[in-house]
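Enquirer: Sequence:
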Amino acid sequence: MPTEPPVPGERAGAHPEERAPGAGLRLTVLPPDRRPAEVTAGQPPAFGRTLRFALAMRGGVSLAVWIGGAVAELDLLRRIRIHRDPAGGLHAVLLQPSAQPDPHTAERARVYAGLLADAGYDRVEFDLLAGASAGGLNSVVHAVAQRAGTGLGALGLLWQEHAALDRLLRPLGRAPVDSLLQGDAYLWPRVQELLATVHGDPGHHPDLVAEHVSVDLSATVLDSDPSFHSGAAEGRGGFHFSSPEPGCPAPPLGNDIPARPGAPGGTPEEAGHRAASLARLAYAARATSSFPGAFEPAAVWSAPTAGRLVGFPRPDLSHAFSAHRGPEGLPFRVIDGGVFDNIPIDRAVAAAGTRTSLRHADRCLLYLDPDPPAPQEVRAGDLDLPRLVRTLGATVTRLRRRETGEDEVLALADRRDDRLVADGRLHPLAALPVAWDPASREDRRRAYVRYRARADAALLARLLTRPAQWQLASTLPRRQEVHARGAAELEPLRQELAGRYDALSRGPLTVPDATAVLRGPQALADAASCVLAWVRFLESLLLDSGPGPVPPAGFDPAPARAVAYRALAAAGHARDGLFATVLEVCEEPGAPVTAAVPVWLEAASPAPGTGEAAWRELDAAVAALRGAHAAVQAQMAQMGADHSEDGEPGASPGAPREAGPSTLWRESPWSAVPVSGPVPAAADLPPLFAAAGIPTPVSGISYGEIRGDGAPARPAALGPLPRAWARQRLQRALDASGRPGVTDDELRRILAPDAGRLPARDKLAGAGLFNFRGFLAADWRANDWWWGRLDAAAGAVAFLRTLPARSEPTTDPRGSSGAPAASEPAPHRPTREDPARESAAALQESLLDELGGGDRQHALATLGAGADGLARLAPGYRISLASRGLRVLGRALAGTPDLPRGVWELLLFLAQPVLVLVPLLLAPVRAALGFVAAAVALGLLGAPDPGGRAGELVLAGAGAGLLAAALLRTVHRAHRGWSRALEAAGGSPPAALADAGAARDAALRRAGCCGAAAAALLLPAAAAATTGRTALVLLLLAGVLGLERCAAAVALRVPGREPVDEVVRAAGVVLLAVAGWALVVLVVADPVAVRPGGGPALLVVAAAGAALGALVLAGFLRPGWAALVAGAAGLTAAAVLGAVGALTDRPGAGAAAALLGWAAVLWWAPREATLRRWERSEELRPPGGRRARG
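In the numbering used here, the protein residues as written are 313 to 1502.
No lab work stands behind these hints: they were computed from the structure.
Beta carbons are placed, not taken as given, at the ideal position from N, Cα and C, and that holds for glycine.
Quick list of simulated restraints, FRET-style, between CB atoms:
1. Asp749 - Thr975: 24 to 30 Å
2. Glu1217 - Leu1081: 27 to 33 Å
3. Glu899 - Ala411: 53 to 59 Å
4. Ser852 - Ala932: 18 to 24 Å
5. Glu505 - Ser852: 44 to 50 Å
6. Arg1035 - Ala588: 50 to 56 Å
Produce the entire structure from the sequences given, and follow the hints as far as they go.
Expert: Structure (structure tokens):
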């Protein structure tokens, strides 16, 4: 049964003003078996306004997890309904898809409901979803969840369980592959399974099934249309999916988003249709998310004539994809849409212009950006030299986001300005006298024909230059291969239209061509737009003038709106048929564009009876609106009597007056429409309003952003996390301190926390490693998911607070919580937070409680994982991912067309010794152990030369000198960098300053260990030089160089929160090995060596090869297989060395052959069945100091 949870904001001891926003609002939670009508009988919607969102989601590879979390939190807004009880109070209803109560969700729903009530909205819809890259995948899942009436919990499971890199990677093998990750073999099936799970989720609420949702996805076409003017010529493409529009006469197409069936299961045909629709959606999501190089291109079938595919294992996307060509040229090869269109704001805005609305709705666009670009200052010193690397680096940096959000936001601002200008044109029209005699009406019709010459020219020009954009959203069941015309070709079309239409306007208006203009599909669309604008104006006027949606007697806008949208849909469908005819006439590149004019007019001429039903319905709607004018005028007169329009009470006589509803009514062109008489009819509206421009049927678009760099509302409530973020800022200050031209003031700005911004790279794992780091650990993906929800909560509050408040003080949901009334002076409370921050803090506090489940430390640990570095990964897990990734990369590169397979196999064989050992660099302790094992083996195998060699001694001496110089330089740089950073941090709180000092001490300690290990290696290097062991000298000097570089790197690195300092341990391994060597030298007088080519030498090679192999394979393979393969590699190396030694007296050849044989075994022996599978709990080392296995 419905439940009314306790008010979460009324905590013990809380002052009334400190309760959570919305704490006084009555909230009822409805499980799936209860309907809103049962608890809201006699309670109309509180405001009669719907807040309708278009969501634009950018790409970002693993940052898609953040986007998914943000969408999951925003979806809670969709489940709220606000009603008004007979006493005038507000009653919120929360539709719960699950039968299990969730107090945390109810707590946040109460806050969101209070914010919506403040803005005067009683429900929220997310009807337009636009996505690029992985944002497109989230768009598809959200659309299916809305049409199924369920939540997005399954989306979180997808990212948690199936987005692991070890699952996405291709299996081991020898055959060439097209990519590192599995698109069709893994990603597509998982997405399809997810959509089926979401669509058939038993936890759903029937009142949450969205009546309409559309999805627009960007895509990049690799084998695009080569025509010069084609929209796909440069690779831009797209997918479009939509649920059927209310009142649309078109048949169902192959790009629909299926709704949950009313009856369980449905017919087999319906089940098959739903399965096919979900498969198309899943493959489009897989295609737009296919990051180039990581996933193979998607194979998209999109033919001019759709039909059942035979033998093609992919869905038919002919109705959903923007490009088409004959079956002989299919499929298209499609990759990540973010290559060209990573910021899909324009797609969302374009979709908003055609959305049907059966309720009074205001349009908003919300842009989800997980990683906004941080502002960077350009210094003259950075550009003073024409250095090639610097120039290329700057170019690549700018190309990474060459399409910026600012560009599309500016384009949206331009659209909003155009809308304001269009609305402004209505005011002069209202001041003009309007006559309705037959001669005046005919004059306006003739002027409308001339207006249509220019309007149709613009319409046809857009069609001919962008035919794929039109066809993507066309309602026609047929798709055709279209080719764009160049803009320079269209001037004859404009001239021909102007000449023909001007001639029509001066002749009889009863001829077929004139009738096509005045009564054709475009005229019907214009008339329907005028009716919708009329309805919207009356609604806005009446709803904004009172506390609730109480229209005057005799005025019900719903029927007129429904009729107008039916007419608009019918006109759009008929116009699509005209467009298809025009494109067929102009299909050939050499065809004159003027051929479109007679076809356009002839096809638009209505046949007898055709379209007349829509016109009659519109005429009835116009008559109803005219009849309502008397009631509207009466209410306006009442408002004028109740509220003087001479200004606010007490205002000075010269103060500017604020226009009231009655003034706005008198100044509108609608007030001049006669109430009685036979005119005007629907056909009279377009000629009347053409002078100011046909009004658009949608409202202005409000814009907001939810960003991944949002700061928490109350950082102090997050325990140790602010200190971790302070370390990130300290690291950036250290990095900047070494750049020329950076001042102390700049360092202080870097170190100072920003109350409103927290860089995404400081808290989101997905922002690291080229946006791939989130795929490496499930805990990192959980971090990003929950930060997405926290950021969405704060972003939603910030956006809703920007909307104009329409609630009267008596309807304020927080009025009952003890806050003073608007007319009373509020007491001064210095500790009172900003209302938006207070609301965001309440929401984020609830999310933390939900995440922790009563354990706040667990919640903080989850949210702090994003600040971890790669060192938090278990060493064996790091080696496993790198080893497998390198082998798959070898398979991918083997498919290079210009390189013969045999040549590639030879190159790979020669590079295998290096490729096998490269993963050890990711585990410093293992790398040190491997280095020691190799040095011991070379020391035992090298034949001593008592006479020594001058070359080796010179080499060792030069190494010592260079090390000393390098270490001095490192000390100088570290001292200078840390001194500047600590000086800049001098004004920080004592705790932050102490943390900075501790970080400096730890960094210098790590650098000192590495420097000491490097210096210690010079001793065995000198000893090896005196005995002529060249190979050993080179190996030891390489170790010296590596340790010195490590010391230089860590000296200016803020240590992370890893439980074990691997750098110190690796240096310790080297120091212990040198100490052991010194002990042996002191005890044993003569150098220890074995005779080359003998049995002991082969044993040394086998043991060293097995030891190195075990270090490389531990964690990559299961323990038993790792020991077996490592032993086999060691024995192979010994056997090859012995065989080659028996054939030749060149020890170098034998050593090279043994190394290649050893590497070949380690490279090719691992199989999928032998790989170790890492559990989620094993991926990261726990921060408490315990070591994970591997």
